[in-house]
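Numbering (numbering that gives the first Met the number 0), first residue to last: 0 to 243.
Calculated cross-link-like contacts (lysine-lysine; reagent style DSS-like; alpha-carbon spacing at most 30 Å):
no., residue 1, residue 2
1, 164, 152
2, 104, 164
3, 166, 24
4, 164, 112
5, 163, 152
Using C-beta positions, here's what the derived DEER-type ranges look like:
no., residue 1, residue 2, range
6, 93, 49, 50 to 56 Å
7, 220, 140, 21 to 27 Å
8, 109, 225, 30 to 36 Å
9, 93, 230, 18 to 24 Å
10, 140, 177, 20 to 26 Å
11, 90, 67, 20 to 26 Å
12, 95, 150, 35 to 41 Å
13, 177, 48, 36 to 42 Å
14, 3, 58, 26 to 32 Å
15, 207, 49, 21 to 27 Å
16, 109, 58, 47 to 53 Å
Since the hints were derived computationally from the structure, they do not count as laboratory data. Predicted, not measured: the structure shown is a model, and the values here were computed from it. Heads up, the beta-carbon is just placed ideally off N, CA and C, and yes, glycines get one too.
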Amino acid sequence: MNTKVSRSHIEVQGIAVEVVRKDIKNLHIAVYPPSGHVRVAAPLTFDDTAVRTAVISRLGWIRRQQATFTKQDRQSQREFVTGESHYFAGRRYRLDVVERDAPPKVWLPNNTKIALSVRPGSDRNTRESVLHRWYRQHLRTQLPPLLEKWEAKIGVSVNEVRIKKMKTLWGSCSIEPKRIWLNLELAKKPSACLVYILVHEMVHLLEREHNDRFRGLMDKHLPQWRTYRDTLNRAPLAHESWRY
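Start from the sequences, fold in the hints, and give me the full structure.
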């Protein structure tokens, strides 16, 4: 199998386009939040003229997608101080930072507040780390039953799922080791978003590319996947650039 991949950039009627050429049969165009970044995955044999022609044929759709992302809510950079808004499981909460001489912890005292307890003098990075550790534990708790369900339904086996903060992707899949990476930010989104990304990556164990077969498998195993994807793309974004 040819594993050669080349990357370049072109401009089409004022739109910057990232072009990734690799060993695939069909060309695919995607527009990613939050900035409306356009990425084209093209066969190795497609030159810039062929890519431009394909992009021009989809300009209307591309501009509509970019307009949608421009209107999408996003958060400014968080300082992890009392009064800030933070999201968890698709809901917005008010952060209440409590300083006390005890091991750090996070809990939900009610359905409107996230309580963050840290030692006196803890800086921003420490407060962030404690909250993110809580988010990570939440995802880890959800994963075992989800994996059991979807491995049986899709007919694949996942060796490992890891969670990390990713700046450009909601998830990724390493085919050979059967390892899936999930973005820590998914803890902030509705549970359906986690299901969508997990199933999406598991389906990649059957089909590497985002082609008709991949979409057919998604339709078969998770018919609502487009609705879940739209929910994810409409959810408020953190102070990074996400892509999916």
